[in-house]
Amino acid sequence: MTRLETQGAVIGYGGPPIVHGVDVEIPDGQITAIIGPNGCGKSTLLRALVRLLTPSDGTVLLDGEDIHRVPTREVARRVGLLPQSPLAPAGITVKELVARGRTPHQKVLRPWSAADETAVMSALHSTGLTSIQDAVVDELSGGQRQRAWIAMALAQDTPLMILDEPTTYLDIAHQYEVMDLLHRLNDRQERTIVMVVHDLHQAARYAHHVIAMSEGRVAASGPAAEVLTAETVGDVFGLEVRVIPDPVTGTPVIVPAHAPGGRADT
Amino acid sequence: MRILRLGPLGISTHRRTFAVGLALAAVLFGLLIVALTAGKADISILDGLKASIGISVGSPGDFIVGQVRAPRAFTAILVGAMLGLSGAILQSLTRNPLASPDFIGISMGAGTGAVLTIWLIGASSLWVTAAGAVVGALTISALILALSWRRGIVPLRLILAGIAMGFVANATTQYLLTRMDVHDAGNALGWLVGSVTGRTWTHVAVAGAVLAVLLPIVLWHARALRTLEMGDDTAKALGIHVGRSRGILAVCSVLLAAGAVAVTGPIGFIALVAPALALRLTRNAGVTLIPSALMGAVLLLAADQVAQQMPDTLQLPVGIFTAAVGAPYLLWLVARSSRGGQS
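Those sequence lines, one after another, are chains A and B. Mapping the first sequence onto my numbering, position 58 (from 1) lands on 58, and the numbers just tick up by one. In my numbering, each residue's number is its place in the second sequence (first place is 1) plus 266.
Hints in this document: simulated from the structure, not taken from any laboratory. No residue lacks a Cβ here, since even glycine has one placed at the ideal position from N, Cα and C. Treat the hints with care, since some could be wrong.
[As the list claims (entries may be wrong)] Computed from the model, here is a short list of chain B residues facing chain A with C-beta under 8 Å:
#1 282
#2 441
#3 445
#4 493
#5 495
#6 497
#7 500
#8 503
#9 504
#10 507
#11 511
#12 547
#13 549
#14 551
#15 552
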C-alpha cells in the first residue's frame, strides 16, 4: 500500500531537469531511505514529494490525488517535513518551536486548544525534550536542536514524515540518537518515514525500503538488503565495494574494495 | 500562554506580550491626556477627553482641543501605529532589523509620488495626495523588488537597492520642487518636513481609513508571517501559502508606510525602532504586531509632545525627535554587530 507516489515525474529548478521521469512508491508504515551520489537528484525528488517543487511533467500523488490539487493546508496535515536547514527565530524556546508544528491545525481567531497542547506535549515526550522545553533553541547542542525540529514535525501529527538529511552535521552519537528516534516513531507510532541519507550504513540499519538514485533516475529500489548489494552500490556510486554483515544487526555494511592508496587514479 | 475568548472565537498570546500590550496602551492613554490638556489654555482632563470625541465643552476647549490638539494627537497615534506595523512586517519578511520603509526607499517613493501629485493637480485634497503617495510607494517597491530579485528576495540586495532607489526618489522630489510654482512648492516643502502640526480631522480620517482596512488583513496573516520567519520550506510544509501570504503582507506594509507619509510627510526612525523595542519588551521569538503598532503610536505621540514643549522660537518638526531616538538605536545595532552578536 502506498499513500505517496510519483508517476513519471520530471523535476528541476526551471533549467534542465534534474530528475528524469521517475516512478517511486513510498511503502506505508515503513522507513524509506533515498540514497545516491551527490547531484543524483535525491533531494530534488524529496522536495517534489512534499510539493516544494512542481514536476514539469508527470505527477506526485498523495492518496491517489495530484498533490498540487490538494489544498496546501490539507497536505500539511498529512505530510510533515524536516527541511535541511530550517531557521529558528531568534530566542524561540523548544516548546514554542514545537508548537509551530500545530500551524496547519489552527485557524485564525481559534485559540490554542487542548488537542494542540496534547500533541505538543506528546512530541516533546517522544523526542526526550520535556525537561528542556523552556530552553532557547539557539543554545542547544546540534543533536538536541535536530530533535527539537523533529519534534516540531511530530507535533504536526502527520502520518507521513519526510526528512532531508536529518543526520548531516551531527557527530556519530547524535546521528544514531536521531536515527533511533526515527526508528521508534516508525515502530511505535506507525509513521511512514522517508529520508535522504548519505550514510549507507544508517540506511542499511534503519531503512526497510531503499531507493537508490543515479543521474536523475531510480537505479534500484526495494527492500534494503536487496538494494544494498556490492553490485548495485558499486554501479550507483561508481566505486568498487564489498559488503560484510554488520556484527550487531547482520545488515549490510559497505566498505570500499581498495586499501588506502590502492586504487589507480582515474 | 493566555487565551482571550469571545464566544467560540479567541486568540492566544503569551502572558508577557499581553502585559506589555496593556502597559503600552496605558502609556498611550496617559500621553493622549497630556496631549489634550497640556498647554497654555487651562483645560481639565474630563473636558479634554469630551472635546476630543466631539462633545461640546464650550470655549476655549471646543476649538483648542476639538480642532487643534485632538486631531493632532490622533494623527500622531494612527500614523505612529501605521509606521510601527509597517516596519514590523518588513523586518519580519526580510529577517533584517534594518529593513524599514524609511530606510529602503519606500517612504521616499511615497514622498515623490505625493509631490508629483501636488505638482500635477495641486494640493487641493489630502485624499488625492495620499493616492499619489500610495502610487509612488508601490512603484518604487516594484522597482526595488525587480532590482534585488534573484530567484527570490535576498535581504541585503533588497536593502542596498532600496537605499539606492531612495536617493533616486529624493533627487526626483528635489527636481520637482524646482519646477513647481512657489505656492505649490511651499505646500510640498511644508509637507516634506514631516510633522503632525496643524493636522485636521481629514488627516485623522485618511490615516484611520488606511489602518482600518489594512490592520485586519495584516492580523489575519499574522500566523503566516511568523511561520515565514522559519524559512520558505518550513512555512510551506506547515501549510502556509508562501508566495500569496508574503505578497499580501509586503503590499500591506508598503501601503501602511505610504498612508503614513501621505498624512504627515516622511517621519523617520519610528518604523525602524518601534518593532525592535516591542520585540525586546515582549521577548517574543519573532514578530509581534500589536505591540509594534502600540509602540509606534507611543513613540510618535511622545516625540510630538517633546517637540511642543520646546520654546516657541524653536518650532522643531517631530522628525528631529524621532531621529534622536533612532540614531542611538542604529549606533547600538552597529556596536552589537561589530561584537559578532546576533540580532
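How the hints compare with the structure:
At its closest, the beta carbon of residue 282 (chain B) sits 12 Å from a beta carbon of chain A; the interface hint therefore is violated under the 8 Å criterion. Below 8 Å, beta-carbon pairs count as interface contacts, and residue 441 (chain B) has none with chain A, the closest being about 40 Å; its hint is therefore violated. Given hint, residue 445 (chain B) at the interface with chain A, is violated; its Cβ is 45 Å from that chain's nearest Cβ, farther than 8 Å. For residue 493 (chain B), the suggested interface contact is upheld, since its CB lies about 6 Å from the closest CB of chain A, less than 8 Å.
The restraint placing residue 495 (chain B) at the interface with chain A holds, with a minimum CB-CB distance near 5 Å, inside the 8 Å limit. For residue 497 (chain B), the interface hint holds, since its Cβ comes within 8 Å of a Cβ in chain A; the closest pair sits about 4 Å apart. Evaluation of the residue 500 (chain B) hint against chain A yields a held restraint, the C-beta minimum of about 5 Å falling below 8 Å. Checking residue 503 (chain B) against chain A by beta carbon gives a least distance of about 4 Å; that is within 8 Å, so the hint holds.
The restraint placing residue 504 (chain B) at the interface with chain A holds, with a minimum CB-CB distance near 4 Å, inside the 8 Å limit. For residue 507 (chain B), the suggested interface contact is upheld, since its CB lies about 6 Å from the closest CB of chain A, less than 8 Å. Because the beta carbon of residue 511 (chain B) sits about 11 Å from the nearest beta carbon in chain A, more than 8 Å, this interface hint is broken. With a least beta-carbon distance of about 13 Å to chain A, the hint placing residue 547 (chain B) at the interface is violated under the 8 Å criterion.
Taken as an interface hint, residue 549 (chain B) checks out: its beta carbon lies about 7 Å from the nearest beta carbon of chain A, inside 8 Å. A cut of 8 Å between beta carbons decides the hint on residue 551 (chain B): the least distance to chain A is about 3 Å, and the hint holds. Hint status for residue 552 (chain B) relative to chain A: holds, with the closest Cβ pair at about 4 Å, below 8 Å.
When held up to the earlier numbered hints, the structure conflicts with 1, 2, 3, 11, 12 and fits the remainder.
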